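Student: Starting from the known structure of chain A, arrange chain B on it as the hints suggest.
Residue numbers (my numbering), protein chains in the order written: chain A, 1 to 174; chain B, 1 to 411.
Treat the hints loosely; a few may be bogus.
Below are the BS3-like pairs computed for lysine-lysine, each with C-alpha atoms no more than 30 Å apart in a straight line [what the hints assert, rightly or not]:
#1 B:Lys310 / A:Lys7
#2 B:Lys79 / A:Lys147
#3 B:Lys15 / B:Lys341
#4 A:Lys13 / B:Lys105
#5 B:Lys310 / A:Lys50
#6 A:Lys49 / B:Lys228
#7 A:Lys52 / B:Lys70
#8 A:Lys7 / A:Lys48
#9 B:Lys15 / B:Lys331
#10 A:Lys7 / B:Lys75
#11 B:Lys79 / A:Lys169
#12 B:Lys70 / A:Lys3
#13 B:Lys79 / B:Lys228
#14 B:Lys341 / A:Lys147
#15 B:Lys230 / A:Lys48
#16 B:Lys230 / A:Lys3
#17 A:Lys50 / A:Lys3
#18 A:Lys147 / B:Lys230
#19 B:Lys105 / A:Lys84
#20 A:Lys169 / B:Lys70
#21 B:Lys331 / B:Lys105
#22 A:Lys84 / B:Lys75
#23 B:Lys228 / A:Lys147
#24 A:Lys52 / B:Lys331
#25 A:Lys3 / B:Lys228
#26 B:Lys70 / A:Lys7
Not the full set, but computed from the structure, chain B residues with beta-carbon under 8 Å of chain A [said to hold, decoys possible]:
#27 Ile61
#28 Gly235
#29 Arg373
#30 His390
Derived from the structure by calculation, the hints contain no laboratory data. Since we're looking at a predicted model, the values are computed, not measured. Cβ coordinates follow ideal geometry from the N, Cα and C atoms, glycine included.
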Amino acid sequence: MNKTLEKIAADLKAEFGPEIGLIPTEARGEVSFVLPAERIVAFAAALKKKHKFEMLASQTAVDYWPQLAPRYHVVYQFTSVSRKIRLEARVPLDGNDPEMPSLIPVYPNANWFERELWDMFGLRFTGHPDLRRILMPFDWEGHPLRKDYPLGYEEVQFTFNYEDIEVRKPRPKE
Amino acid sequence: MTLEPVMEVTVNDLKHLLSDRAAEGDTMLLNMGPQHPSTHGVLRLLLELDGEIVVNCIPDIGFLHTGIEKNMEAKTYIKAEVMTDRLDYLNTTGNNLVYVMAIEKLVGLDVPPRAEAIRVLIVELQRIASHLVWLGTHGLDLAAMSIFLYCFREREMILDILEMCGGQRMMTTYFRPGGLWRDTPVEFEAAVREFIRIFPKRVDEYEALLTRNPIFIDRTKGIGVIPKDKALEWGLTGPTLRGSGIDYDIRRAFPYAGYQDYEFDVPTEEGGDVYARYKVRMQEMRESLRIVQQALDNMPLGPVNSANRKFVPPPRSELGHSMEAVIHHFKLWTEGFEAPKASVYMPVESPRGELGVFLEGDGGPRPYRVHFRTPSFTNLQALPWLSEGHYVADLVAIIGSIDIVLGDVDR
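So here's chain A without its partners, still in its complex pose:
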């Protein structure tokens, strides 16, 4: 691990560690923290103000269905442009009614990232001013990147199951 990053990790651990159980994991040269949803805004603010992480590079999520608690991980990538280091934070979320605070007050570009997460995973961000679908049509049902959302394909009809599939084959509406 890079020296600066080591120091920052120690600092963050001292600040957030005892009360929330911050777990820094290091693999393949990357540093990742796991922290609960309610602390993410304070964590990001500390990163931005104290440790000069000016940029939220990326925000995405992973669905661990059928595991339910936690079902999702929201993954943030922070970049410090001036100090040339990167850092990852993961926030586990429960499967029922996943909800977490929005990061817009700290990093305004979280806006579209969070809209995409709402669209694709159905994660709700409290305090988000404009939580609409962004990539899918506005009247779409379901959240496509969830693991229990089927990919969608056409079943192959053979002579032995031709009738079965013919019945349930999707067709354009009359």
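Tutor: For chain B alone, coordinates are given in the frame of chain A:
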């Protein structure tokens, strides 16, 4: 037969994004796109206009959403690679690069030096090609018609080189985990040398057309200014960020694929306006050419694929006499290789900015989750505040200057 009413987003749904004057009919709502030629693809903008001045601009994206991330989850690591070309169709090899490098980082695969040098060379050529398309269309938007044809003439040379290597002009899928599909053909070096010979003069020609052109300067100077702090806060990257005077290039900050061994400058401009971003990209083309030159001059010899047979299929010639090679070949092309249960984030500098892949494996042969952090998506997000208070005609210049590719935005 009764037709169901077509559901549409009403203005009421977007009321929180418009000013109060819109409700009173003081300002006008106008739809720009998704078929408008100067939105560079299928971008739809809902504009609230006061006369000709933009009061609010609401981007509506997703018309080109193809579910690439979902589709990749159902394919093996190698098979999913062909989908990455289709993201940013002006930076196809760059998308391949970031994806194969994420795989290499995830499974810990080595890449021979020759493959890395060829990768750098190809990616830099692609960067020039992408900037040429940007320059041509940007000029076209600002009514400079002839530059478009000049740019596409040189771009065609680069696409010919790509076709020589990968067999395709655009969707090459030339880079593979652990190396390349195959070595470069014999004609490759001469073609690249020819390009290096003519290109500096051609860039001078473009600059002669635009850099001191009073009409072009009138249209671009002082338009769409991005202040330094705001640029960082909004996660802007690439030439859009460097046009605001911030020296951040991932090739420098987090070197990958051997970029630390090349000598090149990271051009920055202080203006932060459309003109500054134009200047940065013009200089970047010259810098990319320098890297191409160095890569070609110092091209190492040797294999272009890793010898690790658990990830890289054996060459055809081995299949005839090695049983083990046949087994590896069969296993890799039917089942694919397995990656550990872990995640990586791999950023590279695409022509538009930070292109990052978040890749998570679950121990099986298919990626569990792939997410592309695309530069166009993040840069486009700045458009609403960037265009505020400008004329609609200037909005066209601003869209051109942040250089979005809608395939990259919508994925």
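Student: Would the hint linking Lys3 of chain A and Lys228 of chain B be met if the CA-CA limit is 30 Å?
Tutor: holds (28 Å)
Student: Does the alpha-carbon distance linking Lys147 of chain A and Lys230 of chain B stay inside the 30 Å limit?
Tutor: violated (36 Å)
Student: Under the criterion of a CB-CB separation shorter than 8 Å, is Ile61 of chain B in contact with chain A as hinted?
Tutor: holds (7 Å)
Student: Within 30 Å, alpha carbon to alpha carbon, are Lys105 of chain B and Lys84 of chain A?
Tutor: With Cα atoms ~19 Å apart, Lys105 of chain B and Lys84 of chain A stay inside 30 Å; holds.
Student: For the pair we were handed, Lys169 of chain A and Lys70 of chain B, check the Cα-Cα distance against 30 Å.
Tutor: holds (22 Å)
Student: Lys49 of chain A and Lys228 of chain B were given as a pair; does the straight-line alpha-carbon distance stay at or below 30 Å?
Tutor: Since the Cα atoms of Lys49 of chain A and Lys228 of chain B sit roughly 16 Å apart, the hinted pair holds (cutoff 30 Å).
Student: Just to be careful, I want the Cα atoms of Lys341 of chain B and Lys147 of chain A compared with a cutoff of 30 Å; is the pair within it?
Tutor: Distance ~17 Å between Lys341 of chain B and Lys147 of chain A Cα, so the pair holds.
Student: CA of Lys79 of chain B to CA of Lys169 of chain A, is that 30 Å or under?
Tutor: Roughly 28 Å between the alpha carbons, so the hint for Lys79 of chain B and Lys169 of chain A holds.
Student: Run the distance test for Lys7 of chain A versus Lys48 of chain A: straight-line Cα separation, threshold 30 Å.
Tutor: holds (16 Å)
Student: Sort out whether Lys341 of chain B lies within 30 Å of Lys15 of chain B, counting only the CA atoms.
Tutor: violated (45 Å)
Student: Checking one constraint from the list: CA of Lys230 of chain B to CA of Lys48 of chain A, max 30 Å. Satisfied?
Tutor: holds (13 Å)
Student: With a cut-off of 30 Å on the C-alpha distance, tell me whether Lys230 of chain B and Lys3 of chain A pass.
Tutor: holds (29 Å)
Checked against the numbered hints given earlier, the structure breaks hints 1, 3, 5, 7, 9, 10, 12, 13, 18, 22, 23, 24, 26, 30 and satisfies all the rest.
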